[in-house]
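Colleague: The opening position of the sequence shown corresponds to residue 377 in this note's numbering, with each subsequent residue numbered one higher.
Calculated from the structure, these hints are not laboratory results. Don't take every hint at face value.
Claimed, not checked - Computed spacing ranges between beta-carbons, pair by pair:
1) 509 / 384: 31 to 41 Å
2) 432 / 507: 35 to 45 Å
3) 387 / 510: 34 to 44 Å
4) 445 / 415: 18 to 28 Å
5) 446 / 398: 30 to 40 Å
As the list claims (entries may be wrong) - For lysine to any residue, the following SDA-like pairs were computed, each having C-alpha atoms within a straight-line distance of at most 20 Å:
6) 485 / 443
7) 520 / 441
8) 501 / 483
9) 520 / 439
10) 520 / 452
11) 520 / 473
12) 520 / 470
13) 501 / 461
14) 520 / 496
15) 501 / 462
16) 501 / 473
17) 520 / 491
18) 485 / 445
19) 520 / 503
20) 485 / 518
21) 501 / 522
22) 520 / 505
23) 485 / 500
24) 520 / 493
25) 485 / 406
26) 520 / 487
27) 485 / 440
28) 485 / 417
29) 501 / 521
30) 520 / 497
31) 485 / 511
32) 485 / 452
Computed from a predicted model, the values in this text were never measured in an experiment. Note that beta-carbon positions come from the ideal geometry of N, C-alpha and C, so glycine has one too.
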Amino acid sequence: MPEFTFRVLDESELRLYQAWFSDSELSRRIEPPTAQWYNYARSTPGYEVWMVYDGTAAVGVVSLEANPDDHTAWVLVVVNPAVRRQGYGHKLLQALIQRPEATHLNLLKATVEPDNLASLRCLQKAGFIQEPPEPDDEGFLHFKLGVGHLHTSA
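Kindly produce the complete structure, drawing on both the sequences and the hints.
Modeller: And the structure:
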């Protein structure tokens with residue numbers, strides 16, 4: 377696995393991240409990051425957002441939005457469209473799971489649209505389990521992965 381550098385997303389990287397949303401596939405899947413979102417993420421305890429580098433290349437943005445009450449977190453992995461289809465999604469997710477911010481958690485959660493095959497494969501390859509098997513009211517599939525010191529699946 378590549379040796380990634382995780383940097384807390386700063387304002388210049390936010391602009392780079394926003395530029396990725398000129399890609400129609402990415403902008404169709406998630407909302408582009410705004411200054412309001414950035415300020416919320418920076419001011420919310422347990423909400424971690426990183427720009428991830430492979431050498432000097434920005435290859436993705438990953439985030440954990442932790443709930444300290446139940447030691448769970450929502451995970452988001454966004455691959456730079458310029459390096460899509462090179463296996464970065466799975467590698468970034470694996471690197472995120474190994475970070476200290478994730479290892480104290482009991483459970484990581486993610487949602488994905490049923491037609492987002494690359495993200496589905498990425499989550500499944502990383503060991504996430506789909507539960508429940510049907511989409512929610514908004515059409516998203518839910519996945520979870522037990523992590524950290526307890527390795528629970530609840």
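Colleague: Indicate, hint by hint, whether the structure satisfies it.
Modeller: Each hint, compared with the structure:
A beta carbon spacing of about 36 Å between residue 509 and residue 384 agrees with the range 31 to 41 Å that was offered as a hint. Taking the beta carbon of each, residue 432 and residue 507 are about 39 Å apart, inside 35 to 45 Å as hinted. One distance hint, 34 to 44 Å for the beta-carbon pair residue 387 and residue 510, holds here, with the actual separation near 40 Å. For residue 445 and residue 415, the hinted distance range of 18 to 28 Å is satisfied, since their beta carbons lie about 23 Å from each other.
As the Cβ distance of residue 446 to residue 398 is approximately 37 Å, the hint placing it in 30 to 40 Å holds. Only pairs whose Cα atoms come within 20 Å are accepted, and residue 485 paired with residue 443 is accepted, the gap being roughly 11 Å. For the proposed pair residue 520 and residue 441, the alpha carbon gap of about 14 Å is at most 20 Å, so the pair holds. Our distance criterion of 20 Å between C-alpha atoms is met by residue 501 and residue 483, whose separation comes to about 17 Å.
For the hint pairing residue 520 with residue 439, the CA-to-CA distance comes to about 15 Å; that is within 20 Å, so the pair holds. Between residue 520 and residue 452 the CA atoms are separated by roughly 12 Å; this keeps the pair inside 20 Å, and the hint holds. Restraint check: the Cα-Cα separation between residue 520 and residue 473 comes to about 12 Å, which is no more than 20 Å; the hinted pair holds. At most 20 Å may separate the alpha-carbon atoms for a hinted pair to count; residue 520 and residue 470 meet this at roughly 14 Å.
For the proposed pair residue 501 and residue 461, the alpha carbon gap of about 14 Å is at most 20 Å, so the pair holds. In summary, the hint linking residue 520 to residue 496 is supported, as the alpha carbons are separated by about 12 Å, within the 20 Å threshold. For the suggested pair residue 501 and residue 462, the alpha carbons sit about 14 Å apart, so the restraint of at most 20 Å is met. At most 20 Å may separate the alpha-carbon atoms for a hinted pair to count; residue 501 and residue 473 meet this at roughly 13 Å.
The suggested pairing of residue 520 with residue 491 holds, with an alpha-carbon distance near 18 Å, which does not exceed 20 Å. With a CA separation close to 15 Å, the supplied pair residue 485 and residue 445 stays within the 20 Å bound. Distance hint between residue 520 and residue 503 is fulfilled; the C-alpha atoms sit about 9 Å from each other, no more than 20 Å. Taking the CA atoms of residue 485 and residue 518, the gap is near 7 Å; set against the 20 Å cutoff, the hint holds.
A threshold of 20 Å between alpha carbons decides the hint, and for residue 501 with residue 522 the separation of about 14 Å falls inside it, so the pair holds. Of the supplied pair hints, the one linking residue 520 and residue 505 holds, its CA atoms being roughly 5 Å apart against a limit of 20 Å. At most 20 Å may separate the alpha-carbon atoms for a hinted pair to count; residue 485 and residue 500 meet this at roughly 12 Å. Distance hint between residue 520 and residue 493 is fulfilled; the C-alpha atoms sit about 17 Å from each other, no more than 20 Å.
Restraint check: the Cα-Cα separation between residue 485 and residue 406 comes to about 16 Å, which is no more than 20 Å; the hinted pair holds. For the suggested pair residue 520 and residue 487, the alpha carbons sit about 9 Å apart, so the restraint of at most 20 Å is met. With a C-alpha separation of about 9 Å, the suggested pair residue 485 and residue 440 falls inside the 20 Å cut-off, and the hint holds. Straight-line distance between C-alpha atoms of residue 485 and residue 417 comes to about 18 Å, which keeps the hinted pair within the 20 Å bound.
A hinted pair counts as satisfied when its Cα atoms are at most 20 Å apart, and residue 501 with residue 521 qualifies at roughly 11 Å. Pair hint residue 520 plus residue 497 holds up; C-alpha atoms about 14 Å apart against a cutoff of 20 Å. The hinted pair formed by residue 485 and residue 511 meets the criterion: a straight-line CA distance of about 14 Å does not exceed 20 Å. For the suggested pair residue 485 and residue 452, the alpha carbons sit about 9 Å apart, so the restraint of at most 20 Å is met.
Consistency with the previously given hints is maintained throughout, with no hint failing.
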